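Peer 1: This is what each chain is made of:
There are 2 protein chains.
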Amino acid sequence: MTPMNRRIVLASRPQKAVSAENFRLEQTPLAELADGQFRVRNHYLSIDPYMRGRMNDAKSYAAPLGIGDVMIGGTVGEVVESKHPGFAVGDKVTGMFGWQDYDTSDGAGVRKIDDARVPLTAYLGVAGMPGVTAWYGLNKIIAPKPGQTVVVSAASGAVGSVVGQLAKLAGCRAVGIAGGEQKCRYVTGELGFDACVDYKAGNLYADLKAATPNGVDGYFENVGGDAFDATLSRMNPFGRIALCGMIAGYDGQPVPLKQPSIILTMRLLVQGFIVTEHLDVWPEALGELASLVAQKKLRYRECITDGLEHAPEALMGLLQGKNFGKQLVKIA
Amino acid sequence: MTPMNRRIVLASRPQKAVSAENFRLEQTPLAELADGQFRVRNHYLSIDPYMRGRMNDAKSYAAPLGIGDVMIGGTVGEVVESKHPGFAVGDKVTGMFGWQDYDTSDGAGVRKIDDARVPLTAYLGVAGMPGVTAWYGLNKIIAPKPGQTVVVSAASGAVGSVVGQLAKLAGCRAVGIAGGEQKCRYVTGELGFDACVDYKAGNLYADLKAATPNGVDGYFENVGGDAFDATLSRMNPFGRIALCGMIAGYDGQPVPLKQPSIILTMRLLVQGFIVTEHLDVWPEALGELASLVAQKKLRYRECITDGLEHAPEALMGLLQGKNFGKQLVKIA
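Protein chains in written order, with UniProt numbering: chain V, 1 to 332; chain H, 1 to 332.
No lab work stands behind these hints, which were simulated from the structure alone.
Hints are supplied without guarantee of correctness; some may be wrong.
If chains are identical, the list can't say which one is meant, so a pair holds when it fits in one copy or spans any two.
Said to hold, decoys possible - In silico EDC-like cross-links for lysine to aspartate or glutamate, where the CA-CA straight-line distance does not exceed 20 Å:
#	residue 1	residue 2
1	K209	D194
2	K258	D226
3	K258	D229
4	K209	E277
5	K112	D91
Since the model is a prediction, treat every value here as computed from it, not as a measurement.
Given the sequences, and given the hints that come with them, work out the whole structure.
Peer 2: Right, dumping it as structure tokens:
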């Protein structure tokens, strides 16, 4: 029997919210390896908000996926077969191998990882792309001084949790915004933020005001919508806003910003960014993040969905804020 | 008979739009000069959008005016009496002497000006604060490269007209947004912009799209509202937006920004700024602007209201876009 590869492809583009029929699970035989190639068995798939954007056929920062394409995604896994001199069977690797059991590679864009000090899954989160995203936005855009106040939305998530912990390590007051009491307890209790505002409690602006008595100097935006409006109203003069995600508007109509004039009156800097366009900082950031994980100075939480076939549900849940911690799918 | 000073004070704060009853004309006797002081007879008063903000009692970039305070404003005039060693009768000066016939000064914040090569009124416009505002936003925030497209709203105004002309001198495509056919003809015909979009024609987005076939790399925002929404939709990746004014929202309800997510998807920089916080660039900017005026490389237009008593109408007109060119009031 020929070994088969299971993969999930984009079956159709979502009109508004993503639904199960936008995906299709396929089985295809494994191809023979060519010289200079190796085969990876994916162990974990990372589920991230940017995937929603790739499902649209719209002008954005990356080319859209084509109908029938394997869904894009970062993975960690193991080399199971190799005709490549640089990769041996048993090597642990991370790359963009997508929503599937196996893939082949010539090594481009693949990084060998060491899971002795840092767990394999952390390379998809705190010591991977989400961690570098947090590191870049905080250090290169917000650049906070000790004693300043940094607010981050989606504070219990893969990026937000790192933003706040790095802000604390930099001597700042770290304030999170998250959905629900349980997430907020985690953000202050486990991650060590100074405060966390539960946007589901219905008093976002008043609660944020109470949590930021000295105003806000830096804002790391993962969400958009009400969180953006409320935090903008709390910004101090010369504040910096790192615009990383606006998940509130990904799955439907654009969400307006109510008082853009505050950007002027408070002389704010607002900078949108995509971490994959700043590859020059990755080695420094990854080294620092892995070291902090190994020293237990950076904590993280994972939300693992079991089975490739459940990846669509995992993405839909993420877009609705149902996950609690870095969303992963266990493939093998 | 004691010589009298006429002055216009803030009588009450506007609830929404500014109206005549927010102002009061007073007459007070001229005070005796103390040693180290001189007296200035104001010739022209500059009317600028920022004045609207000072009339509110709200958190903004400058302290609000108090009720009964003389309205703030930049002026050009002449020293008519002096007990100051550095200022002689007949010296032409510019300063913030406000909405009044006369004021006294110890010289702080006052600059002597030479009206031989550059007309006196130009020091309130193209060779003064509005000119430096244009210079700063264009050179320090937008920093355009030759061949790039720069859009500016309120393009026929004191700031906008300079932005576009400096952009042209820098080798860019300059596109204005202005209200009405007459202003647009002036912007392209007299000022030499490549194109001008008439927002009153009712096809702002389509017309702007046609005028910016290669998208927009830099946007200098003086207006907010529809102009901001339309231009944001035309921004190229890594575009820069200098946020200088949002006059559309000054006189009433905040005007939302419809699609803030474009700042993220296009990885834009948005920077609010107030030119008086960047005094370090003024000498360089003023020198360059005055030189360009003297060489007739920078053109400008003035809209002069005659008589201090008509200054309130001049401000109300400015806030409604009725002026055509730099709004001044001739005092003497």
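Peer 1: Which earlier hints can't be squared with this structure?
Peer 2: The structure conflicts with hint 4 only, although it agrees with all the remaining ones.
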